[in-house]
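Here is how the chains run, residue by residue.
4 protein chains.
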Amino acid sequence: MIIVMQTGVQEKEIQQVVTRLEEVGLGVHLSKGEFRTIIGAIGDEKIVRAMGLEALSFVEKVLPITQPFKLVSREFQDENSVFTVGDCTIGGDQVVLMAGPCAVESEEQLLEAAVGVKAAGAQILRGGAFKPRTSPYAFGGLEEEGLKMLARVREKTGMPIVTEVMDQHTVGLVSEYADIVQVGTRNMQNFYMLRELGKLNKPILLKRGLSATIEEWLMAAEYIMSGGNHQVILCERGIRTFETYTRNTLDLSAVPVVKHLTHLPIIVDPSHGTGSWRWVPAMSRAAVAAGADGVMIEVHPHPEKALCDGAQSLTIEKFTNVCHQLEQVAAVFGKHIKKVTV
Amino acid sequence: MIIVMQTGVQEKEIQQVVTRLEEVGLGVHLSKGEFRTIIGAIGDEKIVRAMGLEALSFVEKVLPITQPFKLVSREFQDENSVFTVGDCTIGGDQVVLMAGPCAVESEEQLLEAAVGVKAAGAQILRGGAFKPRTSPYAFGGLEEEGLKMLARVREKTGMPIVTEVMDQHTVGLVSEYADIVQVGTRNMQNFYMLRELGKLNKPILLKRGLSATIEEWLMAAEYIMSGGNHQVILCERGIRTFETYTRNTLDLSAVPVVKHLTHLPIIVDPSHGTGSWRWVPAMSRAAVAAGADGVMIEVHPHPEKALCDGAQSLTIEKFTNVCHQLEQVAAVFGKHIKKVTV
Amino acid sequence: MIIVMQTGVQEKEIQQVVTRLEEVGLGVHLSKGEFRTIIGAIGDEKIVRAMGLEALSFVEKVLPITQPFKLVSREFQDENSVFTVGDCTIGGDQVVLMAGPCAVESEEQLLEAAVGVKAAGAQILRGGAFKPRTSPYAFGGLEEEGLKMLARVREKTGMPIVTEVMDQHTVGLVSEYADIVQVGTRNMQNFYMLRELGKLNKPILLKRGLSATIEEWLMAAEYIMSGGNHQVILCERGIRTFETYTRNTLDLSAVPVVKHLTHLPIIVDPSHGTGSWRWVPAMSRAAVAAGADGVMIEVHPHPEKALCDGAQSLTIEKFTNVCHQLEQVAAVFGKHIKKVTV
Amino acid sequence: MIIVMQTGVQEKEIQQVVTRLEEVGLGVHLSKGEFRTIIGAIGDEKIVRAMGLEALSFVEKVLPITQPFKLVSREFQDENSVFTVGDCTIGGDQVVLMAGPCAVESEEQLLEAAVGVKAAGAQILRGGAFKPRTSPYAFGGLEEEGLKMLARVREKTGMPIVTEVMDQHTVGLVSEYADIVQVGTRNMQNFYMLRELGKLNKPILLKRGLSATIEEWLMAAEYIMSGGNHQVILCERGIRTFETYTRNTLDLSAVPVVKHLTHLPIIVDPSHGTGSWRWVPAMSRAAVAAGADGVMIEVHPHPEKALCDGAQSLTIEKFTNVCHQLEQVAAVFGKHIKKVTV
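Residue numbers (numbering that gives the first Met the number 0), protein chains in the order written: chain A, 0 to 341; chain B, 0 to 341; chain C, 0 to 341; chain D, 0 to 341.
Extracted from the complex, chain A is given alone in its bound form (with noise of 0.2 Å):
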């Protein structure tokens, strides 16, 4: 932690911040440059977070040196994290296709959905459950009744299924039926569900907040690992910007940042990244090309009739030709999409 002092700073004040570093056993290191003086604090740099030294008048501001996050970063684990769901594995050399309706609507509606995206060439079978709507005079899911209407459909198709959880005590229900828990971009920061998810032996999907920085997710995906269950994959899902052409602007950029930072599996949802079926081909294309583990796509057999963001969802028709080009983008980076034969 570096801490710059503001100008004609007195010495006295200088010996109170390097008094008050030395007494929670940091090391200290005094620069006096031309303009400023820094004091350079060696040690635990969560200590110094909670020290509150910028509500000090003489101090000007504290700098961090490195990153908050220590269990998702390559500095604690430089190989590469690969997560085994089904058949198929996540963060290595395939290429995931998560697919499905936005919401569980009714059992055939489900099925049908299934056994399309499954010939199209996807593994895992998305549908929500629990559906977190900004007006609570819309439809907010089947609950308990479509996680069991999601499970009749994976017996039926022999697909994995990923769905949302919404609140830490639901954390139980939800994972008896999941086999990917997916943390919504609403609740990224519902740091009770992320203790709660912590504690599951199960693969959680955490979607990026509408406005969190790379930084604060990351985090999240620390709270979650703090607790024990190591099993996290990133899901960029577009964040909130000036442009109103797309409902979220999707930050692809993300895929290598985050590539570099961890070594989490990162998968992108350009369904909600860009809230309209008319963009989610060429933005699944860019991620896939941009180093992406997977993308995760709205499909609905009707989108017309969906009960839920059916101006973002592909037809099985539309989804099925964006397999086909994913598949050919895939190879040019030595990644396949798994053939599911079942």
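If you are wondering where the hints come from, they were derived from the structure by calculation, not from laboratory data. Computed from a prediction, not measured in an experiment: that's the story for all the values here. Glycine included, C-beta positions come from ideal geometry on N, C-alpha and C. Hints are supplied without guarantee of correctness; some may be wrong.
To be verified - Computed from the model, here is a short list of chain D residues facing chain B with C-beta under 7 Å:
(1) Thr212
(2) Ala285
(3) Ala288
(4) Val328
(5) Val331
With the hints as your guide, set chains B, C and D onto chain A.
Frame of chain A; chains B, C and D shown alone:
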């Protein structure tokens, strides 16, 4: 709702939309302009929102005409809502000052803060017992023990307390102690918790989400109100932008906009809104001048020893100065700060 | 244009709007719904935009139906525009690589860069002679001397050059030397300069403004085209968001959106878009996979000695690797990178 | 400057950085912590900024310690700058009101506006002769004819005028007529124009760029001052965010931040800052309460007939009310609005 069709749309495609609208009981108003065919859907917009018409390739966009919120709007209730908390009223001709430490650290610290802010002019004591923290390694609050300290300090000082709830399952616990239950920025869209708060008969202080639009914020209030609890106090606390000199960008224009759209009171939190004690006095004055019904300010007897957010906390002395200024600004608008005399 | 009236609007207020619309020759379509009266104005939306109807207190909002741009739109021209520069074409089935140093520093540096990027596969040489710099104390470019170096290196290597113009009064000078005239992000709305560029008969590379919406960007292109020069190449180069790991957030969704709305070619600049050489290879691949007609990459023979933006420049070796990957990604979409063989 | 090295950096890589710093005459302070080696560079930070050390793969990041601006900073000049325009002073104990139409449309319109705003309490007349417009089809201003009208109305009313310049080559022309030369938001980084303005001996009103950080804005002021003209008035006018209820988000925290960092006066433009006349009164009051040295407000005798930005213009009557309120708010802070009595 206005449905704008793509250029070159065919007659049968127009008919398909018209038929679907009529099937759900909506009136239809067709208008063929030089460049575009547009279809007006007359009736409840909630129905159209749920139809997913954008999923049709020949629909260009769907434009809402009315606001998606009802109960919070001035159309539902024209006169200002005024809520009573302890001796004071919020939403009328008083400017209410809520002050206290970010986190409850100990009964001594809390009492010292309470006595200080009360003497300076604050009516309501703030203090967090449950603290959402970006890092799993940071101080997370004293939880129920903290709530008890708040209750004891209320008894000693007569100040009503506002404190945060982080989870629908602790709504009961927190509301036992709190006079105003606070929803933090990260939980503004924790919809299950909002529904639970809708069952209370107590004012809810609803902070704006870090990147929530005003519309989404009002929809969160609508959740609470649609559950039966009409006592919602909105709290602007800064939005996320590219500027880094301040931690967030305090969006004071939200004050007149909210006053125009809704009948609910709105207060401003300049401490989180700016992230540094340096900018709090100026922005407190600006908030009151913009028409806010109150401000919520972090005050710590010893900010440089705070376990949380010391950098943005005022000392009691600085807060006292701010109170004097706010009194004068309030007077300009025919408002006043109620003297507490217990 | 749809004019939405306030609730409780009076008949004479509605008439006032209707009369004003009819006075300027527009058709009027009145619709009184349960909650709102709306007035459709039929005819040229430019006229309504200029009327300032929002200034009337009984008008709630004015919603545009059509796009404000004409010449750039697919409605004006459906097939893709393809421009020829030197040996290659932009906007068709080639992926064009523009590469070179941020700033022209010396003829030696420029020639070394040009020879290197040409061997790697680039068709067009970039290099700035006029450099907009945030600080008045930073290197501002070699100006006309730099243009002459560009011309001499073009002669030696056969590579067409793209270089930036910063001012309408140097449009003449720059266009004497440049094969493509570049408009930088800070000048996207330098309207006098855009008008001047509209008089040229040369391709213009129009970078997106740092916080320009896609609509504003296309309106800037409309400025150039309305002056008579229809050769506009759009260039996405990152927008400003809250994320700080990357200098800007490269908005790749702009590629499919622009392709949908306009007939103009679009290329991507991942160097400015991300601000670090580390993220350039991944984002170049993603750009091509998203459907971009080319990429523009900063390459410096010795980035650590660059006078400008060394941090985001690739070495020639790294650029060569990127070219190999781009070739393969292009092939997936039936595109190719033209081999230059002079 | 602090250079943070990658983990696992080698001794010879550290030496390479140390040697380069020493070669350019900087002092070096080496500190090897448990997790990171950091190198402090002591001396002029401008030199380090220009070195591009981030281009080295073993350098993680380069952190500045001092501000990049000099002449604008309180370190260069501690006491507030106060400039005289006509009868009033800007930056001292007056709150200055600049008001008038967005665009000069005719001498009648301008005179009517001027007489009205002067009677209400404004000291300075605003009005645009050169208008930057997003659309090439919109009214672009009367240009020199407009400047002449401004001069004639100044003669008739005694009010000094502030008007915008859009190009370095018209700086001479505009400054012949204007008492204060305005730089619009789109030209904040038109560096050639800034240099030209640096040669004038007249106050410059420098609007903040739509997405400019405070630091970039102050660097633009530094451009003007480094050319010799120290009379720079900063003007906050809203930044671009995701919120759409207001056209921009007026960043009032910029007022105390700018006052802390610089000695320059700062005024606020709530008309462009919010985009609607509805929010202008509240935000004007808030601006003065936050400590602004003045406000700039668009006033039109007949907003609903304005050729430009009618939606955000106050009528003379509404402006008169605002003036009364601002007078009282100013008085709270020991400031006053100078009565003009010609």
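Valine 328 of chain D as an interface hint toward chain B, with CB separation required under 7 Å: Holds, about 6 Å.
Under 7 Å is the threshold here; is the Cβ of valine 331 of chain D close enough to any Cβ of chain B for the hint to stand? 4 Å, holds
Chain B contact restraint for alanine 288 of chain D - C-beta distance below 7 Å: 4 Å, holds
Would you check whether threonine 212 of chain D satisfies its interface hint, that is, whether its CB is within less than 7 Å of any CB in chain B? 6 Å, holds
Do the numbers back the hint for alanine 285 of chain D, that is, is its least Cβ distance to chain B under 7 Å? 4 Å, holds
When each numbered hint is compared with the structure, no violation occurs for any of them.
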